[in-house]
Amino acid sequence: MSMYTEYSTKLPKKIIDEVKESVPENISDSKLKKVLDECVREFENSQVEAGEAVGLVSAESIGEPGTQMTLNTFHFAGVAEMNVTMGLPRIIEILDGRKSLTTPMMEIYLKKPYNKGDNNIRKLALAIKGNRLRDIVSEISIDIADNSLKIVLSKDKMREIELTEATVLKTLQKSVKNYNVKMEGVEISLKAKSKETTLNDLYKMKEKVKTVHMSGVKGVTQVLPVKRDDEYIIITAGSNLKDILEMEEVDATRTTTNDIFEIEGVLGIEAARKAIIDEVFKVIESQGLNVDVRHIMLVADTMCTSGVVRGITRYGIVSQKSSVLARASFETPIKHIIQASLIGEVDNLNSVVENVMINQPVPIGTGLPKLRIKRQK
Amino acid sequence: MVEVDITKHILVPKHTKLSDKEKKEVLESYNVTLDDLPRIRISDPAIKHLHPKVGDMIKVLRKSPTAGESVFYRGVIDV
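So the protein lines, in turn, are chains E and U. Each residue of the first sequence is one higher than the one before, counting from 1080 in this note's numbering. Each residue of the second sequence is one higher than the one before, counting from 10 in this note's numbering.
Do not take every clue at face value.
Computed list of lysine-lysine pairs in DSS-like fashion (alpha-carbon distance at most 27 Å, straight line) [unchecked claim]: (1) E/K1191 / U/K17; (2) U/K57 / E/K1190; (3) E/K1089 / U/K57; (4) U/K72 / E/K1092.
Keep in mind that the hints were calculated from the coordinates and are not lab data. Every value quoted in this text rests on a predicted model; they were computed, and no experiment measured them.
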């Protein structure tokens, strides 16, 4: 065994494991050393050369199959309308580091007794679904005569999610300011406190009051229990990782979301890196394309080196480049050049793009080594 | 409401804080300074339990689909 640990700094774990599996158990140390030495030689041969333009290779390797991706969103076959952004738009969304996604989604795994798929899961799914006032009302009308809104609640919908009129009234009283909220018979009335409330204000209030959060998890708009392998999971539209993980029934080790920024906030930068790789790879795989993970890993690493997720845009990682010319060569050149001239920025011409611009050898491959001479006195 | 231990989440790799001696060894072996390393925020939820200080070095043991396991280092920064 000591032989393997000796090589653990020279070879990756996966190769050592493969060797362990392939050689006979009673192999002599000298023979094993020969095998491992050969592995090291082969491994070092297949490593990327210093100075190789790996970023360029990655860009082309992801870009070329990207031209063949579908441009549409695809729909979950059969089940209640739930669609997911896939294909090129999704890849662009991830790599640009967009904060708001077109279709945020979560996969909620449940702990042991809850993932069996009996009636409990239905109940749980309904408890997770975030309900706003608009989901439980049957009518909202405006009473111009006394500057008030009249809300009629739907009894059926409220019974379904186990909500009482009293709690609705309480949440409304808490979240609505400048209005007196009270029960009037079967309806809830919101009466403006100030006399100068215009009709326009009332209309605005009507739209605002519809979005008041009532029960469940904020942000989750749809829930769908699905069977995956031999357990039931809940897929949701809308995402709120922090609140979901804190629920008792939820398996907090496997539950994920497709919102990279939420993962960064709740699970940290390394988890975000993993999520970027997984999400991009999932899209590429679902399109039947073949891109080596290493390219995606490089992109994800680049996005996560600064400690926060930065998209590959002019506001993201490109704005972090030290060279003025490199920034100017990406997008909005005039803005960068004017800004640099105003503050007297210096460009040391250390990288690739700026050297291409001034027609000098680029520091890549054979352009990387420099000759240094000690001058004789 | 349950207290969530996020270090057990499948997306979170193992983070460890290096001692000053280990830190020096790593920096010397790569011939870099701490500023050259990729960064991690001091408020990052995955290193909260390590109680890091600015200037510490975090070792991340990633599970890699290509290498099985790979080691990555990050320097702790403010914000």
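Violated hints, by number in ascending order, as checked against the structure | 3
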